[in-house]
Amino acid sequence: MSDSTNRPRLTLLGETDAVACEGDACVLPSLATVTAAVEKAFRSGF
Amino acid sequence: MSESIKIDIWSDIACPWCYIGKRKFEAGAAAFAEKAGADAPDVTIEYHSFELAPDTPVDFDGDEIDFLSTHKGMPADQVKGMLEHVTGIAEAAGLDYNFDVLKHTNTIKAHQLLHYAKAHGKQLEAKERLLKAYFTEGRHVGRIDDLADLAAEIGLDRDDVVRSLTEGEFLSDVRADQALGREYGIQGVPFFVIDGKYGVSGAQEAATFAQVLDQVWAQREEGATV
Numbered sequence: 001m002s003d004s005t006n007r008p009r010l011t012l013l014g015e016t017d018a019v020a021c022e023g024d025a026c027v028l029p030s031l032a033t034v035t036a037a038v039e040k041a042f043r044s045g046f
Numbered sequence: 001m002s003e004s005i006k007i008d009i010w011s012d013i014a015c016p017w018c019y020i021g022k023r024k025f026e027a028g029a030a031a032f033a034e035k036a037g038a039d040a041p042d043v044t045i046e047y048h049s050f051e052l053a054p055d056t057p058v059d060f061d062g063d064e065i066d067f068l069s070t071h072k073g074m075p076a077d078q079v080k081g082m083l084e085h086v087t088g089i090a091e092a093a094g095l096d097y098n099f100d101v102l103k104h105t106n107t108i109k110a111h112q113l114l115h116y117a118k119a120h121g122k123q124l125e126a127k128e129r130l131l132k133a134y135f136t137e138g139r140h141v142g143r144i145d146d147l148a149d150l151a152a153e154i155g156l157d158r159d160d161v162v163r164s165l166t167e168g169e170f171l172s173d174v175r176a177d178q179a180l181g182r183e184y185g186i187q188g189v190p191f192f193v194i195d196g197k198y199g200v201s202g203a204q205e206a207a208t209f210a211q212v213l214d215q216v217w218a219q220r221e222e223g224a225t226v
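From first to last, the protein sequence lines stand for chains A and B. Here the first sequence stands for residues 1 to 46, numbered as in my numbering. Here the second sequence stands for residues 1 to 226, numbered as in my numbering.
What the hints contain is simulated information worked out from the structure, not anything from laboratory work. Every residue, glycine too, gets a C-beta built ideally from N, C-alpha and C. The reader is advised that the hints may include incorrect statements.
[To be verified] Using C-beta positions, here's what the derived DEER-type ranges look like:
| # | chain 1 | residue 1 | chain 2 | residue 2 | range |
| --- | --- | --- | --- | --- | --- |
| 1 | A | 11 | B | 101 | 38 to 44 Å |
| 2 | B | 128 | A | 15 | 23 to 29 Å |
| 3 | A | 11 | B | 61 | 41 to 47 Å |
| 4 | B | 61 | A | 12 | 37 to 43 Å |
| 5 | A | 11 | B | 160 | 25 to 31 Å |
The task is simple: from the sequences and hints, build the whole structure.
This is the structure in structure tokens:
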């Protein structure tokens, strides 16, 4: 069992729009998610 | 040499962005190490369990398009188009996704195998083997015998893996990971926890991972000199 009493809150770093999976939506990413990822990939030149 | 940077990664096997994120993180870590040169700290990685769809059956008779269109009620053509997009992004990251042969399954046993592998010093090999087996090779990663075959391929004792998975030896470790993930507030994967203090969500670009590692290292060095 972990001890959460002393666990610090995480400081979030990195981009806020990176693609992640939540629930079983991960298996089938939403069209908006996929579209955004594709557009971002193109912008970054893969 | 500085103390190593600890990266705890929450992810699932049946998670296309987790494999893509893994590759991008590896590229970012390599870029960070190259930039830091001889002074670069080691980066220690540990994977933690996250089940995206724990109600998924172990066996499903059909391909990924069948599964998704059946369970999500979406037109097969639309599902196919989405998977093609994901496949393209994976390819750009150097991964060969084959949704045509992918065997959709429950990943709870695969997570237990990852913990078994960790206990035997082979977690990183096991993680890579399971992801490749699932997304590239169309191997089944939900059944004990299939998982044991994969474990044997990376040098683990097949019979002992069968015993462990049958007994659920590491199920409590999987549950502990999930509980810890909830404590951190992790809702999606991949999710990277750095030194237990910083969180990075999603399949970030390699350059972003490199920048984050550089930032964490710089802050640590500043703290050491204060």
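Status of the hints after comparison with the structure:
1. Remark: the range hint 38 to 44 Å for residue 11/A to residue 101/B is upheld by a beta-carbon distance near 41 Å.
2. Separated by about 25 Å at the C-beta atoms, residue 128/B and residue 15/A satisfy the suggested range of 23 to 29 Å.
3. Restraint check, residue 11/A to residue 61/B: a C-beta distance of roughly 46 Å satisfies the suggested window 41 to 47 Å.
4. Here the CB-CB span from residue 61/B to residue 12/A is close to 41 Å, well matched to the stated 37 to 43 Å.
5. Range check, residue 11/A to residue 160/B: Cβ separation about 41 Å, and the 25 to 31 Å hint is violated.
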